[in-house]
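Protein chains: 2
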Amino acid sequence: MKIISAITEMQRTADEARLLGKSIAVVPTMGYLHDGHLALVRIAKQNADVVIATLFVNPTQFGPTEDFNKYPRDVERDIKLAESAGTDILFVPSREEMYPTDYLTYIVIEKITSVLEGKFRPTHFRGAATVVAKLFNITKPHIAVFGQKDAQQAIVIRQLVKDLNFDIKIIVTPTMREQDGLAMSSRNMYLSSTERKESTVLYQSLQLAKRLIDNGERSCSKLISEMTKLITSKSSASVDYISIASASTLQEFSNLETGDNTLISLAVRIGSTRLIDNILLTI
Amino acid sequence: MKIISAITEMQRTADEARLLGKSIAVVPTMGYLHDGHLALVRIAKQNADVVIATLFVNPTQFGPTEDFNKYPRDVERDIKLAESAGTDILFVPSREEMYPTDYLTYIVIEKITSVLEGKFRPTHFRGAATVVAKLFNITKPHIAVFGQKDAQQAIVIRQLVKDLNFDIKIIVTPTMREQDGLAMSSRNMYLSSTERKESTVLYQSLQLAKRLIDNGERSCSKLISEMTKLITSKSSASVDYISIASASTLQEFSNLETGDNTLISLAVRIGSTRLIDNILLTI
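First to last, the protein sequences are chains A and G. The first sequence begins at 1 in my numbering and counts up by one. The second sequence begins at 284 in my numbering and counts up by one.
By construction, these hints were calculated from the structure, which means they are not laboratory data. Misleading hints may appear alongside valid ones.
[As the list claims (entries may be wrong)] Computed cross-link-like contacts, BS3-like style, restricted to lysine-lysine with a CA-CA straight-line distance of at most 27 Å:
1. G/K445 <-> A/K2
2. A/K162 <-> G/K445
3. A/K169 <-> G/K480
4. G/K480 <-> G/K353
5. A/K111 <-> G/K402
6. A/K22 <-> G/K480
7. G/K402 <-> G/K493
Note that the coordinates shown come from a computational prediction; the quantities given were computed from them, not determined experimentally.
Looking at chain A on its own, in the form it has when it is part of the complex (with noise of 0.2 Å):
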């Protein structure tokens, strides 16, 4: 596995791949890379000659009062992780490289962003399209692997792709999850051992969703009431929200009806980590 800090030297990398006809992927990350990571560079693999992965915590989709500073961090541990996964080019840029002091650019998408994640994190799309967009053309990827747990992100990432018309196939791969039924998240390190066992609440909530609807519920406010209820069983679990929502433009339902793609997403707090899961169904 090639390690690449520099952005010239990544571009040029491109660039030879490419006119040797072979097809690029990128996987973008933040690094502190676990199972879910390592499952979309495996993915990646399958769809591509040369797989990119790319370790950037981007300070631009933290807001001024979140995790930036603590976020967790250990390249040592990510080159090791990435190259048994497959990985062929590790893209570690420093913040320097990527955010210049006379840096000025930033990528707004309307609508799409300020729901769910935006309305609790007003600039975090901002930042994260921005950066996908600098890492697109600094990796000049066919294809690009995000995962499903970032639910409205691959909403985003997609709508960006679409707008700008980058020649990109953004592929996104369902959320790995620990036994137990925890979404795997880079954060789930920040929980204490008792706020372990009930962050599995989050996934269980979603699992009584789909078991109501199964049954015929449709109401999205009574199924909103019973998840709420559920997770606020547990002594350590605040809710930031619970949509159920169109899985393409994210408007809010009040009833479902047959044929809905229909995204089921939530964001809780546990003791003060900020955890987020979802599920799709089509009713």
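Take the given structure of chain A and dock chain G to it, following the hints.
Structure of chain G alone, referenced to chain A:
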């Protein structure tokens, strides 16, 4: 010359050229081509194997009260002129192809877009940066050629390319002028014959500033006052702005100092037609 209107066909054609090792230059235009545009095409031709000119009156860079609807259009004439100057591919998309109804994404560049033209045309550079980024992703160029006549646009595009890491070399070519000094512009066709005569005052005022500086004048307020006096001596003319600023940051100078890279720029209404011009000087 090949004419392409579909984005996917343009991308496949660019891919094919790149796989053959050919270099691509793009010349983005809003059509109604004049000798200024054709000079850009010829310079593109000297610097690349394949020259793509684009022809698209971009709605997102016009304000609600501006001249989008009456902006001059003559595609048949443009096709002949583009071909005569050596264009290999003319990309002429429809409005729907560029901005489908569910379009949501804009590129915002801070600071340098809020002065000069940006002050009078608040969403202009957001629209211009967005369409240029789209055209870059559609035509996949190694080189892009812009005219110095739109001085601030050239600075904004350089910032866009640098910040979002587009791997594209930007060439900015000198302003082409009519024999009497008027900068070539598609908007000159709006002028009545009296206005056309008086419109030479833009370049005359820039030349006056240059002479005064050559003779030792260093006060920007004095220079602007002399330019204003000359311009307002023409009955059809009114000044939007006159600026003497850093050619890189666009920050206004109050007194010129030796070595300053200086952009003297102005926007003047001649009757109801808004014209711009500029010169670059090193003090």
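Exercise. Could you grab the alpha-carbon distance between A/K111 and G/K402 and see if it respects the 27 Å cut-off?
Key: Between A/K111 and G/K402 the Cα gap is close to 26 Å, so the pair holds against 27 Å.
Quiz item: Do the alpha carbons of G/K445 and A/K2 lie within 27 Å of each other, as the hint requires?
Solution: holds, 25 Å
Quiz item: For the pair supplied as a hint, A/K169 and G/K480, is the alpha-carbon distance within the 27 Å limit?
Solution: violated, 54 Å
Self-check item: Hint consistency between A/K162 and G/K445 [alpha-carbon to alpha-carbon, up to 27 Å]
Solution: OK: A/K162 and G/K445 at ~22 Å, within 27 Å.
Quiz item: Does the alpha-carbon distance linking G/K402 and G/K493 stay inside the 27 Å limit?
Solution: Since the Cα atoms of G/K402 and G/K493 sit roughly 25 Å apart, the hinted pair holds (cutoff 27 Å).
Self-check item: 27 Å Cα cutoff - pair A/K22, G/K480
Solution: violated, 59 Å
Self-check item: Pair hint outcome, G/K480 versus G/K353 [Cα-Cα no greater than 27 Å]
Solution: Cα-Cα ~22 Å, so holds.
Consistency note: the structure conflicts with the earlier hints numbered 3 and 6.
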